[in-house]
Every structure is written in C-alpha cells, then in structure tokens.
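Please work from the sequences and hints to get the whole structure.
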Amino acid sequence: MNTSVITDAMNKDFVLAVEGLTVSFDGFKAVNDLSFYVDENEIRVIIGPNGAGKTTVLDLICGRTKATTGSIRFKDRELTKMKEHEIVRAGVGRKFQNPSIYEDLTVFENLEISYPKGRSVPGALTFRRDAAVKERVQEIAETIFLADQLDQRAEYLSHGQKQWLEIGMLLIQDPELLMLDEPVAGMSVSERKKTAELLNTIIKNRSVIVIEHDMKFVEDIAHKVTVLHQGKILSEGSMAKVQADPKVIEVYLGH
Amino acid sequence: MSSNNDNSHKFSSTRRKLLMGMAALPAAPLLASSGLFSSPAFAQALATSAVNTTGLAVTDTDVTVGILHSVTGTMAISETGSVQAEKLAIDQINKSGGVLGRQIKYIQEDGASDWPTFAEKAKKLLVNDKVAAVFGCWTSASRKAVLPVFEQYNGILYYPTFYEGLEQSKNVIYTGQEATQQILAGLDWVNKEKGAKSFYLIGSDYIWPRTSMKIARKHIENKLGGKVVGEEYFPLGHTQFNSVINKIKLTKPDVIYAAVVGGSNVAFYKQLKAAGIDLSKQNLLTISVTEDEIDGIGGENIAGAYSSMKYFQSLDNPNNKEFVAEFKKMWGDKTVIGDVTQAAYLGPWLWKAAVEKAKSFDVDKVAEASVDVEFAKAPEGYVKIHPNHHLWSKARIGQAQADGQFKLVHETADLIEPDPFPKGYQ
Amino acid sequence: MSKSSGRTFFLRPQDIIGIIVLAFVLVVVLPLALDNFRLQFVGKYLTYAFVALGLVLCWGYAGILSLGQGVFFGLGGYCMAMFLKLEASSVENTKIQTTPGIPDFMDWNQITALPWFWEPFHNLGFTALAVILVPALFAFIVGFAMFKRRVGGVYFAIITQALAAIMTILIIGQQGYTGGINGITDLRTLNGWDIRTDSAKTVLYFVCVGLLLACILVAYFVKSSKLGRILVAMRDKEDRVRFSGYDVASFKVFVFCLAASLSAIGGAMFTLQVGFMSPSFVGIVPSIEMVIYTAVGGRLSILGAVYGTLLVNWAKTSFSESFPELWLFGLGGLFIAVVLAFPNGIAGLWQTYVAPHLGPLFGGAAKRTATPPAATPPAATPPTPTPPAAPPSGTAAPAAAE
Amino acid sequence: MFAEYSLSELSSIFLMQGFAGLILFSVFVLMALGLAIIFGQMGVINMAHGEFMILGAYVTYFTSQFFLNYIPALFGIYFFIAMILAFFASGALGMAVEWLMIRRLYKRPLDTLLATWGLSLILQQVYRSVFGPREVGVELPGWMMGSLPVTDVVEVQINGLFVMGLTIAITVAVALLMYKSAWGKQVRAVVQNRVMAGAVGINTEKVDRYTFGLGCGIAGVAGSAFTMIGSTGPTSGQLYIVDTFLVVVFGGAQSLLGTIASAFTISQAQSTLEFFLSGSMAKVLTLLGVVIILMLRPQGLFVIKVRR
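Quick note, the sequences are listed as chains A, B, C and D, same order.
Per my numbering, residue 94 is the first one in the first sequence, and the count goes up by one each step.
Per my numbering, residue -11 is the first one in the second sequence, and the count goes up by one each step.
Per my numbering, residue 159 is the first one in the third sequence, and the count goes up by one each step.
Per my numbering, residue 326 is the first one in the fourth sequence, and the count goes up by one each step.
Bear in mind the hints are in silico, worked out from the structure with no lab data behind them.
We put the CB at the ideal spot given by N, CA and C, even for glycine.
Mixed in with the good hints, there may be bad ones.
As the list claims (entries may be wrong) - Cβ pair distances, simulated, as ranges: (1) A:Ala225 with C:Gly368: 35 to 43 Å; (2) B:Thr42 with D:Ile617: 52 to 60 Å; (3) A:Gln190 with C:Phe275: 36 to 44 Å; (4) A:Glu232 with C:Ala372: 38 to 46 Å; (5) D:Pro397 with B:Glu405: 44 to 52 Å; (6) C:Val186 with A:Ala225: 53 to 61 Å; (7) A:Pro209 with C:Val186: 30 to 38 Å; (8) D:Val451 with B:Gly320: 14 to 22 Å; (9) B:Lys206 with D:Phe387: 40 to 48 Å.
Below, the structure written as structure tokens:
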C-alpha cells in the first residue's frame, strides 16, 4: 500500500485508519510500516502465520503497546496518544485471545462491571444497580446464551462459555469497533457453530476486526481479509482474491 | 479501677512466673558483714496494714516487685545484664532477711524492645499486680513511655541506665548517671592529661547521643577552650563507617568522642581498627562502651580506648570484689559486668533502704524517704540519693584492655552532684 | 436472578447480623467481662483494627500489599499527638524552659520558636482534618507516582517498606521537630479534658468502638459498591478492567488513600488512648505485623480483620506475660501457618466449618446454598493458583464470618 | 570545607574515600547476590535473608572458638574453613526451608514475603535461645586486621581487600555457574518456562531446591565475611534487609549485572554523600533517591519475569 495516495478527506469515511504503523522491540520490527483502513460496518479478518504480528496490531490499536512511529486514527481521533481506558471510552472494544474474565465474580457482576456507566471512582461508588442495568445485562446474557447462569461464579463456566462471556462484556459497552482475537480457538464443534451464530448477530451496526486461523470460519464472516506476514501486509481483499494470491499461497504452503 | 486489694492474693497463686528467692539459706557474707540494713527483728513488729496503706502486693511474709526489661528484640542484648543484676540483688536481700521482714518476690515482664509494650506492661505491673516497686527500662524511649504510667498510678521505678538528663520525677529513682555526671569529668581529664584541644563527636542518631554531644560541645568550647572539628550522627543500626573514618583522618582530632550504640558500635570499632587507627596512639573517649559492649566488639578491636563511666568490673575495692564473685557465681564465669549492670544492682538495695527508712511500702513515703538514702556497700563505692532522685556518684575513666576489661586510669576525688537540668549546657 | 436483583441496600442480612454481633461484643460483652485495665488493652488493640480494615480493602480486595501502613498509622497518631502536646505545653506548664510555651523536647534542642508546621495544630478542627487528610495526601502522592507507572505487587511492597524505613530515620533524626526516638510523650488533656483518667479511657474506648463501627460501615459500603467489585476484578484481570474503560490507577490510588486514612484514624485513637506516639509504630516491623492481623482474620473479611487483630494481640499479651521467649516462635509460626494452611484466616475457617451448620439460621447463608451446586467450592481445597492468592471462595468468603 | 588542607592530603583522602566506596560496594554485592538469585531467578521474596547471613556469622564464631581451643596453631587460616562451613550450613537450612515451606508458595510471591518474615522471627528467637541474647565477638586472625600503609596518609584496609577479593571470587563463581554450567542452563530454563523445562526432563523441584540453597549459602558466606566489619547477634540480620532488597530491586532483579550495577550506584552515592553530609541525612537521601528513581523509571529497571 502506498500511503501517499490516501488524502485526509478520505479518512473521514473510514472508522479506522492505520497509517505507517511501526513498532520495534529491541530492534525487532514486529509491525513494519503497516497501513490499512476499516470501513463502517465492515468485518475485517486478519490472518497470517504465527508471529506475523496480528495480535500486536490489535495491541497497538487498543493502546496496550505503544507504536514506535505511525498513526492510528479512529473516527478522526488519534489513538496512539490516548490511554487504554480512553480508547475504550472512545468506542473500541477488545477481546483477548485467552478468555479474560473475572473468575471471582458472578456472570452478572462480570457484565455489570463492563456496563459503560460509573467508570470513574466517584461514579463507581455511587453506581446503582437500577432497572436499566438489570434489563441490559439480561438482554446481553440472553444473546450470549448465559441467561441461566447469571448468579454463577465465572470460574465454573466452561471454556466456550467464558469466551462468550467475554464477548458479552464487550457487547454491553456497545463499541463501534470490536476487535476479536481468535474467538473460536479451543472450542468444540457445537460451540463453534453457536459462536458463529453469535458473531453474526453482534456484528450488525459496528465495524469488527477478527483474528482467526479457522479458514472455514473466516470464509463465513469476512467482508475483507488482510494477510499479514512478518509485520507487513502480504495481501488484502476479498477472501477469493486473497486465496488466489500466489504470494499468500507461497507463505502458507511453502516453496 | 475495679481491681482491689484481693488481687494480691489472687495472683500469687496463679502467676506462673512468680519466683521466690531461696529464703532460708544463710545470709551472704556481703550482708552479714555490713549489718547496715539487715534488721529483720524490727520489721516483724510492723503489721502489714501499717506498712501498706495503698493496697500494694504486700503480705505478712512477702512483697512483690516487678522487673521490666526487654528479653526479646534488639535491646535484649543490653538489658540482659540489668535483669541479672536485679535478680542477684533481690536474692541477696532475701537471704539477709528481706525488706521489713518480708521476702521479695518478683514478676518479670518483657518489654520486647518496643516502647508501647513497655507502657502496657508497666501498667499491668502497677494496676494488675500492684507491685511495690519496679526495676526496669533501659532506653530513654522506654522510660519516657512508662513515665506517665508511673505518675498516674503512683508507682516507683528504679531506672539503671546513664541517660541524657532533662528529667526529674517523684516516681523515678535514677541509679545511673545523668549526662553531666558522665561527660564533664571525662572531658576535663582528657583535656588535662592528654592536652586535648580538638574533638570529633560521633554518635548514633537519637536523643541520648545528641543531648550528650550538646553538653560536650558546650563544655569543650566554653570551659576548655577547645574546638569541635566534626559532629556526626548515624541511624541506629548503621554498619558502614568508612566515610566518617576518612573524615576523622582528614581532620586529625586530638580526641574522637564517641556515643555509638548497639550493632553500630561493633561495626564502628572493627572498622576503626581495620582502617589503621591505632587506639593506643589516637585518643578515643567513649561514653557508650562498657564491658558488655566489648563482649560483642572484641577486646582486641578496642584496646586502648578510654571509656567514661562510674563503674568498671575491675574496680579494686572489697565491695566490688564480693559483688563480682557473687555475680559470677549466679550467672556463670564468662559473664561480664558493665556500668549499667552495676547501676541496676543498686536499685533493689536502694529501695530496701528507703522502705526501711520510711517503715512503709507506700510509694509516697518511699519516694520521700529516698532523699539522702545511702548505700555504703555499692560495688562502685558509696552512693547517696540526691533530692532530685539521682545519685551522687564518682566519675571514672577506664582504658579498654585486650582481655575485655578496663584499667582504671582516673577517678574523681569527690562524689559529683547530679544536675539533670544543667545551667549553661542547654 | 433472585440474588442479583435483590440488592438494594449495601448490607446483606448476614452482614447486618455480623455487625450487630461485633457491636454487641465490643459494646456490651467486653466491657462487662473485663476489668477496666484489660478493657483499655482492648481499646488499644482496636486502634490496630483500623489498619487491618484498610488492608482488607487494599490488600485483600485490590491485591495491593503495602508494607508501609505503619507510616499512615504514625502520621495520624503524630497529628493528634501534636495537638495534645501543644495543649500540654502551655506557658505556665513549661515555665522552667528557656522558651516557655513550646514542647519540652524542642526546648532541649535549642529551638526557640514553634516551627510553622506545628502552628495549625493549636486548632482541634484542623487536627481532625489533618489526621484524615495528611496521610491520604501522602498516600496519594506515593500511589499516584507508582500506580500510574504500573508498579505493583512485590515492587510496591518493597518500596513501601523502604518508605517506612526512611520515615523512621527522618523522625528519629529530626528530633527537634518530632521528639526523636522517644516520640511525643506526656500528653495530658484534650480541650481541657484529662485523657489520663480511667473514666476518660473508658469514654475513649467507646469512642474508638463507635469510630471503628463507622469505618466498618464505610468499608462495607465500598466493598458492596461497584467499586468493590472493580477492585476484585482488577486483582484478577487488571488488563480486562483497563480495556473495559476504567482508569485502573485511579482506583488503586483511591483504595490506597482510603486504607491510609483508616490507618490514620486508628493512629489518632491510639495516641488518645495510650497517651503518646513514637516512631516505633512507623517502622518496618510494626507495618508487617499489622499485615498479619489482617491475614489471621481473613484477608477478604472486613469483620474478620477486627477479630484477627484482637486475637493476635490478645495472644501476644498473654503469651508474652507467661513465656516471653516463646512469643516470637508463636508469632513467626502464625505467619507461616496462616500463609501455608489458612490463606483465608479465621473467616475461611468459619466459612468452611461453622457457617454450613448455621445455614438455616441465616437468611443470607440459606440463599447462598440455593445457588447451583457447581458454584459451591469443595470444602477445604487449597487455593486456586491465581496470584495474588485469590482464594477459591472469593467474594463469597467474607460473608461467612460476618 | 577543604580550604585548610594541602593538595596531597586532599588527594590521599579522595583516594581513601574511593576505596571506602569500593568496600561498601563489595559489601552490598555480597549482601545482595544471594537474594538476587533467590528473588531474581525464583521470584521468592526472602525476608529471612538477614537471618541466613547471621547463621553464617555464628558458624564463623564457633569455628573460631574451636580453632582457638583445639588447634590454635592453625588459627590463621580458620576463616577460610569457616566460610565453607557457613556456606553449607546456610545452604542446608535454605534447602530445608525450601522443601518445608517455599515450594508450596511459588505461585504466591507476596505470600512468600509473609511466610519468610515469620521464618525470620523464628530464627531470631532460635539464635537468642541457643546462642544467648548478647552479641558475640568473633576474633580474627591477626593478619586480617589492620591496614597496609601505601603512603603516610593512604592506608588500605586488609579486611576491605579481603571482602573485595571474596566478592569478586563469588561473583565470578556464580556467573560461571549460572551462565556456563549445565546446571545454570537448567535453572534458567526453569525460570523461563517451568512446564516446558519439566517436559524436557529437568527435575524442576530439584533445581528449585538447589537454587534456593545456593542463594542462602551465599548469604551464609556473606554473613561470615561480615563478622570482620559488623556485629554478630540474634537481631543483627535485620540491619541489612532494607538495603539488600533495595539493591536487588533497583538493579532490576533478574540479571546479575543489574545487581552489581545497582550496588555500585547506591554504594558510591551513599559513600560520597556520607562524606559531605551527616550520616543520617546521607542515608535518608540515598534511600529517597533510590525510591524516587524506582517510582519514576520502573519500566527501565523492572525488567523481570516473576514466575507465573
């Protein structure tokens, strides 16, 4: 991609514009001069071999890792200068690769903490569990198939249920950009099916970036696919186009 | 308080640690020869109701006192000797017939090197156990912590340590030296004998060394016309003295004047020696090293230094010879006796004398009678209680020897008057 | 949905029962059972319970282990001591001094005028505010600097420990301003009311109990608020909380400051009841000892902290009266036992062995058994290996002892 | 403050002051090395480190007594034997402690802190009950005391040289052990990934035990060496604990080099400050400086992997 082609005016059409992004750890460039753009309501899938820098890209967008150079603009706001919680409040949600939930709390409490109100210290002290909160939690719980487990401590959920709970925790924030890191990894076949169904309902009205290895799954959901290799974009486009790209074939299948 | 006189009976049967001295043995030779205080006959005549009007733990046959020192924690190092001396004195008094015909029992409590614990235990001894007197405390901080307790519940404390002065209480008898008694004579001596004019002051960083150094500085500058070339304080427990030793080498003082305490003491002298400062050539006068400390420092590391105290184990007088023999008999041949240990030993004896003078165990009467009470058999020689409740005593300079003992090199001709609030030194 | 929808008040029924039982013990049972002398000891121990209470929130809930709580206890105590000392140092009380009207230790140190930072402590209102705010401010500075830079866990513990060491050296070294190693002693009256009499000590005991109960309510309020759940969430998955839109550092700073203020109230009550304040509370040793009170009570149990404090101190006093040499073995053994065998302290034992039998008696306990069987952790299993030592029973644990 | 001194005096003093700083540096390295292994490699916070040192000091004391009483002819060399005995005594105690206590706590670093604090209280009381509450004076062979005159003013402390030599020797030995030996590779493997290390056949439990034992053994040797410059009593170990932890933490805990660099920085700062300021203030300023730097730059100094 040639960044100079893109003008500022065009930025406004994108929910997310990543330009010239580079991050190096002790000289090793995990992400190297990366640029890509995500449209409104687009589902973008990032694929690539292990160590291609996929998770690092998500870390950079959500502020967990600081970029060495480059810019990340979300709805015209520069994310590289913002702190993690500010990025979240701006409307970016992130699901981690391993289910990251609060094991000591109940499902209800897990969702409640993610409810986007009372996020400051005084706010959290005076936060009341009113009807609106309960209603919203119930609604999300039904979406993620956990309505019967609301009073259950999260550590007793199955692996798949934990993944759903984390997705639910993101949904309750209603983010405009949702980033999912391998949402179906480690799931049973039936769980995987249910998750695909879940994803299909939640991706409406928001942009989504998904990292996934499962090609079948990718084919089902992707609008556009970006292939990363050694921190750089190898290929980008529709699933069919990417699959036909000889460079991709070479990387995936070897010489 | 809800407790009353019955307590004295209740506790005596239940106290686990209550130890009674061996009563029926023949009186120790020390006392048999003195004949000063051993007069059981007249004591028997006094009824308990007459000698104890304030509900202390006194019965027809015995009287209970408290011993309050640290047997655990960092201060146990120093306070062990005091406990031993007090137990020895109590034992001897019991053998000689007790106090007003009553045997002394003691309750020992552990201050655990922690000042609030001292206050708590002092309160227990006074309120719960109703002890007639307490022998205890070592550091100033522990004394400061218990002082309000003694004043409030009207107890009497015999405090053995040489200390900074600036205190005087009806409820305390200070059997150690206040600062001027310990400091001035020593400075005069080193000025006169060694022609010392310049002094380097070094101490641990707390109230006793700082107050002592303040007095020393005034004396050096105003009375001796000398000069202080350095003054340094180190946190308690500091173990690195190489930098200050370099400063000493740079300033070349006639005298290093030291008041370093505890674990720092050991480090200081070992490092001085290692740095090649030969204490037989470089004068060093300390107010914080007794035979007890030399045990930890090692005699070979401090040999040659001078210490300003009122008592040394090596004092050559009949009282002391008996005392040292008795002490070693009770606590073992290897035990050494330092200045504070001896001062602690005076406590029970001075109390006995005051009680018998007052013909009462009542604290008010004992405190009043204490003025001008004397103890001729003191190992350090004759001592007498001043109206300000400190002791008249001599000052002595000893030179440390490699065997861990001091050789007496100077002693004041007369007893020095205690002056806890010295004019011109504040 | 029964439980999650039924929480309108911040205390659950079993919390209320627990608080009433504790209040009954402190207000009725102990004063009747103990003579005045022992009751004063209890009053002193209760001042440490404030520290333990703060540690429950800070360490138990938020996972921040501070080894410098003694600093805050000391700061609160010193603020109160400064007020009392000024009152005790009236011109006529101190006329023998070179400079009458200033504290005696200043006079001994050739200070001839009251230092500026002592001046406001003539005022009781200012003093009361300072007791709470000075430690909180100090905690804020330390906490802000460290949590913003994500210093946590072991490093936080060691740095707070170093701060305790620095504070001790400073207080001892600046004796002209602080009273040095002896501390500020010989405190007499509070606005003319003699605090040394037995009747005053009894009154102070009840004031202390009242304040403690108030602080317990504050702790419960915080714990049961969303903030309390965020603290638990943070201890468990800090990143998830951060990526749920929370500024994690500010929550940590808040709870650290709250713990500091609670400790300071304890320190001020200590000064009032015991009559002096000294640097021996500020150092490393007392700070770590205060952690053990919390651990014995149960690091997740607010009421357990009070019982733990009373138990350890009672053991210390009675042990050291009978076998002073053995006390350190007991205390050391307690540290090891509570870490190896009872990570949830008394509260955990209560929950495992006593509470199940009380189930029918308590509405709350009965309700808990109604949760699905999978939610009930198997009894007496070792804690799950999630640092920092998240116990299996988690938030449910404190319910039992309370 | 230097106006009244001649140039040669000044240069001599600065020379000696530099030497004093080096001694302090060696002392810090000796104190911290054992802890750096235990804390840096294993993530265990051993608050009883000082007590392991004092065990070494007591061993030295008893060895000296033995030589004095039974083989006075060889008194001159007893110190070397004492150090070896101290290493094994503290190391054995360390391994026992690891087996009884520490191995159950690897996943809870903060709890090791509390448990080892309890251990330190118990050890202190054991020392007090067994060896008595008073400090003991360890007598040194004559050749180890005193100093070598270089010029009129400049003198080099023999025990200082000895401590320096010992520090270098132990540091080199540890470095070789950790970075060159097969055993060191195993230790580092376990630190980085204990599951994997276990899977490839490393006995992780044994590695843990010996690593902990090694750290404690080095503490014992340090304690033995410190009888030359400090006190030996039941509570003497407490004198070192704060400094030691700060050195290790300031150095970034994981690397040996970090510990050495941090010991150098702190010792030079303290020794220089002590020369220009009073002792107490020097200490406060040094500690405060370390704490503030740690607060401001944790990311640079905290490159450490605590075992998870």
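Sort out which numbered hints this structure fails and list those numbers smallest first. Violated hints: 3, 6, 7; rest satisfied.
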